[in-house]
Amino acid sequence: MPAEDGFVLDPGAIVSAMRRTLELEMSGLSQLSAALDTASLQAVQLIAGLKGRLICAGVGKSGHVARKIAATLASTGAPAQYVHPSEASHGDLGMITTDDAVLALSRSGETRELGDMVAYCRRFGVPLIAMTMGAQSTLAKGADLLLLCPKAQEACGETRAPTTSTTMMMAFGDALAVALIEARGFTARDFARYHPGGALGSALARVDALMHAGDAMPLVSDRAGMGESLIVMSEKGFGCVGVINADGVLAGMVTDGDLRRKMGPGLTDEAVKAVMTARPVTVSADMLVSDALRIMTAGRRKITQLFVCDEQGCPVGLLHIHDLLRAGVS
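In the numbering used here, the protein residues as written are -16 to 313.
Certain hints may be false.
[To be verified] Below are the EDC-like pairs computed for lysine to aspartate or glutamate, each with C-alpha atoms no more than 16 Å apart in a straight line:
no., residue 1, residue 2
1, K44, E96
2, K285, D241
3, K256, E211
4, K124, D99
5, K44, E93
6, K219, D239
7, K124, E93
8, K219, D198
9, K285, D274
10, K256, D241
11, K51, D157
12, K134, E93
13, K285, E211
14, K219, E93
15, K34, E96
16, K256, D205
[Said to hold, decoys possible] Listed next, with one range per pair, are the computed distances between beta-carbon atoms:
no., residue 1, residue 2, range
17, A18, R167, 20 to 28 Å
18, K34, M1, 43 to 51 Å
19, A166, R105, 22 to 30 Å
20, L33, G98, 18 to 26 Å
21, E218, A281, 27 to 35 Å
22, C297, G43, 57 to 65 Å
23, T21, C139, 27 to 35 Å
Since the hints were made in silico from the structure, they are not lab data. Every residue gets a Cβ at the ideal spot worked out from N, C-alpha and C, and that includes glycine.
Construct the entire structure; sequences and hints are all you get.
Listed below in structure tokens is the structure:
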């Protein structure tokens, strides 16, 4: 495989290099897992108890990782923000308050640009968490808590460009975030508040965001006949009709499938109670739509419509599988 500058790329060597990289980074993660100590626990406790935000900082590749850690924490309910150390030295230190804490990332722990931020933390009593491989570094010595990454081998050989080290830092940040999620009981519904857009936001939306309510619901009394029920089914266009008793509770449901199974010359003369499926599967308005989709498709089910009922069993809406598909829920 000729490259643009004339040298030949050996496919075998390429795959070998990729596998070696992954093996070295996996080794680094294994070492990191084994090295977790009480400082990690204290860091989670500190972040969980903050009145303000966790300020994440780093330069270069460590800065990119710090941005990602801040984004992950913020999206999972732990207020966090990235502040560039150089910008901090030119006014952005004002963003950091005594209610905050700082998480500073540096492979060596000797990143010059972090100096002013470390000094600021010491002066104003802002808790400083260091994430570094330099156990005796300036950053480590100035920190209140040290999240020490093992000195694992970088994957890129002689160039020593950050590879294994940044992978470990990224994973360390994820570990902190997940520990915080579980410690605080952060749920999928909480997560949905911070992810309203895209397919993820749709999957985390509640049923009441997609259901058809009010006059849009196809409903008839349990005293109705099938003639009336068929008219309502046709008018509402959902391929079903809900059957409610005198108390407004959903007693049953008639679907297109029920009609096919009961089809005959005297169908329109039947009472709806004789045709309906009693006690149909229902969902609640505050259920996640992703959970509703699982109910529709669980096992050998082929449910296309679900009535949404309140605690008394009264219908408050109707959810159709086409609504989920249009919203990108899968």
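Okay, the hints, checked on the actual structure:
{"no.": "1", "hint": "K44 with E96", "verdict": "holds (14 Å)"}
{"no.": "2", "hint": "K285 with D241", "verdict": "holds (13 Å)"}
{"no.": "3", "hint": "K256 with E211", "verdict": "holds (12 Å)"}
{"no.": "4", "hint": "K124 with D99", "verdict": "holds (15 Å)"}
{"no.": "5", "hint": "K44 with E93", "verdict": "holds (14 Å)"}
{"no.": "6", "hint": "K219 with D239", "verdict": "holds (13 Å)"}
{"no.": "7", "hint": "K124 with E93", "verdict": "holds (11 Å)"}
{"no.": "8", "hint": "K219 with D198", "verdict": "holds (9 Å)"}
{"no.": "9", "hint": "K285 with D274", "verdict": "holds (15 Å)"}
{"no.": "10", "hint": "K256 with D241", "verdict": "holds (12 Å)"}
{"no.": "11", "hint": "K51 with D157", "verdict": "holds (9 Å)"}
{"no.": "12", "hint": "K134 with E93", "verdict": "holds (15 Å)"}
{"no.": "13", "hint": "K285 with E211", "verdict": "violated (26 Å)"}
{"no.": "14", "hint": "K219 with E93", "verdict": "violated (69 Å)"}
{"no.": "15", "hint": "K34 with E96", "verdict": "violated (27 Å)"}
{"no.": "16", "hint": "K256 with D205", "verdict": "holds (6 Å)"}
{"no.": "17", "hint": "A18 with R167: 20 to 28 Å", "verdict": "holds (25 Å)"}
{"no.": "18", "hint": "K34 with M1: 43 to 51 Å", "verdict": "holds (45 Å)"}
{"no.": "19", "hint": "A166 with R105: 22 to 30 Å", "verdict": "holds (28 Å)"}
{"no.": "20", "hint": "L33 with G98: 18 to 26 Å", "verdict": "holds (24 Å)"}
{"no.": "21", "hint": "E218 with A281: 27 to 35 Å", "verdict": "holds (30 Å)"}
{"no.": "22", "hint": "C297 with G43: 57 to 65 Å", "verdict": "holds (60 Å)"}
{"no.": "23", "hint": "T21 with C139: 27 to 35 Å", "verdict": "holds (33 Å)"}
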